[in-house]
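Same order as they appear, the protein sequences are chains P and Z. Under my numbering, residues 8 to 246 are what the first sequence spells out, in order. Under my numbering, residues 7 to 234 are what the second sequence spells out, in order.
Treat the hints as calculated values from the structure; they're not laboratory data.
Pulled a few chain Z residues facing chain P out of the computed Cβ check, cut under 10 Å:
1. LYS20
2. VAL24
3. GLU25
4. VAL26
5. ARG27
6. SER28
7. GLU30
8. ARG91
9. LEU93
10. PRO97
11. ASP99
12. ARG100
13. ILE103
Non-contacting residues of chain Z with respect to chain P, defined by C-beta distances greater than 12 Å in every case (computed):
14. PHE48
15. LEU129
16. TRP226
As the structure is a computational prediction, the values presented were derived from the model and not from experiment. We put the beta carbon where it would ideally sit given N, CA and C, even for glycine.
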Amino acid sequence: MIPRAGLDFDEIAVEEVSRHFGRRKALSRVSFTARAGSLLGLLGPNGAGKSTLLAILGTLLRPTSGLVRYGARTEADAALRARIGMLGHDLYLYPELTARENLAFFAALYGDRQPAASADRALAQAALADRAHDPVSSFSRGMRQRVALERALIHAPRLLLLDEPFTGLDEASVGALVRRLRDLRGQGAIVVLATHDLDVAEGLFDQVVFIRDGRMVDTMAGSEALRAAYRSVMARARA
Amino acid sequence: MSAFFRVAWIVLRKDLTVEVRSREVVYTTLFFAVSCVLVFSFALVKEGRAMEDAAAGILWIAIAFAGTLALGRTFERERQAETLRALLLAPADRPAIYVGKLAGIVALLLAAEAILVPLIALLFQASALFSRPFWLGAILLAGTVGYCAVGTLFAAMLIRARSRDVLLPVLLYPITIPVIIAGVRGTAVLLEPQPDVAMVRFWVALLVAFDTVFVTLALWTFEPLMTE
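Please model the complete structure; the sequences and the hints are all you need to start from.
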């Protein structure tokens, strides 16, 4: 297991980050900071650049210009990747493998010496222990989402990146996920969540970053009265 | 076991488990390779006699075509649920992930070759292939590793390309021509009534040299190529 001591960061700072795909500007000079023990929401319409920004934060994409600081670190090496967990819009699970095999595989990949035990704990956390030996392809979208969240958390990351995690979840599962995110915040994780589901986002975040057409158009502390703020910000951005 | 080989083993074991469950790559690869051999046998075997050295050429054509199919399907799996991203997110050495994927594809192709070689020996009256089983195994292993070393790198690189199915063979065949030539020539020597072992050794050594160059280059370039 990669030792965590000395590797954890107290904040991430996104500094003037831009990303171009050929001539298309997916992100343009985005800057913000998120501190440990906080939930940050990335809000914006489809195609705003939220997923690109999450991929950059997850070290999967290099910014064309600008910098992301993870505490004092800027180099996207294995030690940094060990502290990042990511749940994409696609769930990053192998449908042919069982839930337990998927979780044990990723635990082993993160250097866990007892991957099967970690997988069992994660399945219990997801309330899917009774389906541990079923292939993920036989699960509903909501169940797969729960397994995928445990996959992203199997190595207890400091930074958790979530892209539209409420898609396909029923009300009870949304509630469970929100409680889990608040627990993670309480444990000192930095959670960055991209969504356009304003109903769920209302009151969830400590900080919100509004993005449109690759540009950061506004930020706000807290997420009360989010729907009104979102409408107002996006209307100003369109104008 | 070092962390590098531990990760490679974890990825290999996962790929083989997935394949055992789905049998998708083995079945499609085998079906394609066997069809290819049968079609050539209809064209090149006349009155029970095969053209000289045809068996060697057909064997490596079947390996190359089936290999392209296996490479494409193996990485298509990683693309469908974006699991390659999850692999790249892990704090493991990325070259170790490459080695795990390479070993999985080599294992699948060797399994296909275990059926192809007897079939070709039967259809092309090439039982001489088995006169030097060690050298036949060495040529097949070294050739398959060389072909898959380049193919695994290109298939991973092209995973997000829209026309990846077309681009993979276009890029792969020209670069692996030395491997195919050495494989064909080495196999052809084995088909002679009195195989010249020194010549077989030369072709195997050449293949091992190709393998060394290709695997080294792939290990060196995999990490930068995978970070978009």
